[in-house]
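Chain by chain, the residues:
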Amino acid sequence: MDNETKQKINKRYERELNRGERFWPDSIFKDLIVSLGIFVLLIVLATFIGVDAQPKVDPSDTTYIPRPEWYFLFLFKFLAIYGQIPLLGKIEWLATVVVPGIAILILALMPFIDRSPFRYYGKRVLPISVMAVIVVDIVMLTIMADVPTVTENGSMLPGILQAIAGMVIPLVAIILLFLMTFVFRRTSTKTMIWTAAISAVLTIGLTGSVLALFPVPAAQKTTVATTLVDQITAGQDLYSANCTQCHGDDGKVTKIEGVKGLEGKLIPAIHSTDVLYTLDDAALAQVIAYGRPEAGMTPFGKTYGGQLSASDIDNIVIFMRYTWDDRFEAPKLKPLFPPLAAGEVPSYAVHIQPIVKRYCLSCHVAGKENNNFLMDSYDNILHTGDHKANDVIAGDANSYLLQVIQGHPIPDPKDPTKTLIRAMPPNGHLPPNVIDALMRWIMAGMPQTAADAAKLSVTPTPAAGSAGTPSATPTP
Amino acid sequence: MWKKVYEWLDERLGLNDLYKNLLDRPEPKGNWWNTLGSAALFLFILQGVTGIFLTVYYTPSPDHAYDSINYIMNGVAFGWLIRGIHHWGATLMVVVVFIHMLRVFVTASFKYPRELTWLIGIGLFLLTLGMGFTGYLLPWNQQSYWATTVGTQIAGSVPFIGDFILKALRGGPDLSALTLQRFFSAHIWMLPAALAGLIGVHLYLIIKHGESNFPSKED
Ligand code: HEM
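Top line first, the protein sequences correspond to chains Z and V.
Those letters in the first sequence? Residues 1 to 476, by our numbering.
Those letters in the second sequence? Residues 1001 to 1219, by our numbering.
Think of the hints as simulated: they come from the structure by calculation, not from any bench.
C-beta atoms are modelled at their ideal positions from N, C-alpha and C, and glycine is treated no differently.
Hints may be right or wrong, so weigh each one.
So the derived list for chain Z, only partly shown, Cβ under 7 Å to chain V, looks like this [unchecked claim]:
id, residue
1, E16
2, V57
3, L94
4, V97
5, A108
6, R119
7, R321
8, T323
Isolated chain Z (complex conformation) (with noise of 0.2 Å):
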């Protein structure tokens, strides 16, 4: 640049303070303005959406779908779709490297490439245009990044529509863009403007079908117990889920009983000072996850082949931490479910489910052994199960659910020497006020919710009746 446009250029600005305002108050005040703004959107939004607690790292689960910060996802979806090109494709570094690269270099050296002293939009046309497909690409990028560019059905469809949304269309118009820039020199500001335009809406509006067409699959939504109380309950339901058949409900067993290979083994008591004082959190977490297979624990952590993920080994942990190490203060603990008054009838959402969470779910999911009966939901419970007929009947305390789980096998029909079904849970038993619960539900004829529950309920307020029967008395 001469000498002659510089001083030009600085002339103009000179004019243009002149007629300017002051940096204090006038400018300071608009930035101040605009600062609280983003402060008190911060407070708001730390406030009512907050941060989504995740799972602790388990460096064993590699199902996990990495899912990097928003603001790269684009570069996520760009790599997917680059990564389906043919042969092209294979060269990862041409698209993790070298575009971005050049991106941010063009990007860089902006200054020494558009050198026009030009600062009109009417005369900045192509690069403002080029930058406009860009960001628009970008923004449809991400939008779209959570779309899989191949269907569970092996089509290869979205990944196409992707390719042809996110690449080709904005390749096409920034060709174009160029061409009738430096070829065909006569182009028309208005044609070009017309060019980003449309391509922008084809961008948009393939990215919109491929959302229609290939909805996002719905994430799997983990809930992570974070509070302490929350940790010691999800801790609880794993344990009993899991630990149960071998030590026991409640960490007491020494010698265990009714496990196939490990009948009348001799085991330290796990409640006891001798393992709680001498086992650190995370020498019991190592325990847990890799077992004692020699002793005959099963490994329990996903890195053994086990099931559970570190954060539930960590919930195990805290759990035994806070129920028996004597050094450890229990938080209070919400009862598993509201105790029932005399009369009162219990309901699938509020009693039964947490119930069945804690103490039947851990085999009646699909795919144990559980002769079919799935407890996952309310239908399921009534509905499934090989002996369905007979499992849960309305009014009836025959019902096989009640019967198992009081500690009645119930013989096999054709041949009364072999069981049929046998007392439920297969290890240990369930604690008085459960069976209550589950026979008065049962007995009431199963109500789902609350509000059924409360039109069955002989007293109309909980509390009425409690006097004189012990196994309803609610605590304070």
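Once you have looked at the hints, place chain V with the ligand on chain Z.
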């Protein structure tokens, strides 16, 4: 009384000169788009302040990082607010810096005499993204662990020196305690120091050349 104190201070600090040179400057007619740079500055300072509070409880070790974050969220009074602001502030800072860059691009404010301001701005943009990348790993949860695994893998795909970059970022072939320590150090010392330094130069250049005017047909 106050006048005397002010005069005494002015004599040693040169407050009047500061006022004249920094605040009482002429500017071209303002525009709300011009507030984005100072908004980015505000966010940078806010991130610094909330970040410093977070380091009081945060422990950068694989055994304790997750639990310390958990404690900040549930055990520390207003810890959730501080972390919430830091979390959303990071997102907002990336957005604000990006839009600031777009506005400078669209108004061609990067041209003479502000070329250097722009170049330094690019550095600021990359550093801001670097802050986001390194900060994401610190909570040491599944999401951050796997995102960083893939992110460093991508950095490792550079031909020839990729393997070196990967190991330098991770402190070994895999993500480990070293990686966490490294990212923590980068997140609270190296990148902020670089950012603060570059922001200083950026601001000096802005004061030196003045805010550019919004272009009209004459420009
Ligand atoms: C941490 C990030 C950043 C901070 C704190 C920051 C701060 C500022 C401030 C306070 C201004 C003056 C007010 C305004 O024009 O908005 C400004 C102007 C400017 N910034 Fe930035 N900025 C950042 C990032 C960037 C980036 C990423 C770029 C471009 C690549 C950039 C390029 C410029 C230019 C060229 C100006 C002069 C604009 C003019 O005179 O009209 N800055 N910046």
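Against the structure, the hints:
1. Annotation: E16 (chain Z) was flagged as interfacial toward chain V, and the flag holds, the nearest CB pair being 4 Å apart, inside 7 Å.
2. The restraint placing V57 (chain Z) at the interface with chain V holds, with a minimum CB-CB distance near 4 Å, inside the 7 Å limit.
3. The criterion of a C-beta within 7 Å of any C-beta in chain V is not met by L94 (chain Z), whose closest approach is roughly 10 Å, and the hint is violated.
4. For V97 (chain Z), the shortest C-beta to C-beta distance to chain V is roughly 5 Å, which falls under 7 Å, so the interface hint holds.
5. Annotation: interface hint on A108 (chain Z) holds; nearest CB of chain V at approximately 4 Å, less than 7 Å.
6. Restraint check, R119 (chain Z) versus chain V: the minimum CB separation of about 4 Å is within 7 Å; hint holds.
7. Because the beta carbon of R321 (chain Z) sits about 13 Å from the nearest beta carbon in chain V, more than 7 Å, this interface hint is broken.
8. Given hint, T323 (chain Z) at the interface with chain V, is violated; its Cβ is 19 Å from that chain's nearest Cβ, farther than 7 Å.
When the structure is compared with the earlier hints, violations turn up for hints 3, 7 and 8 and for no others.
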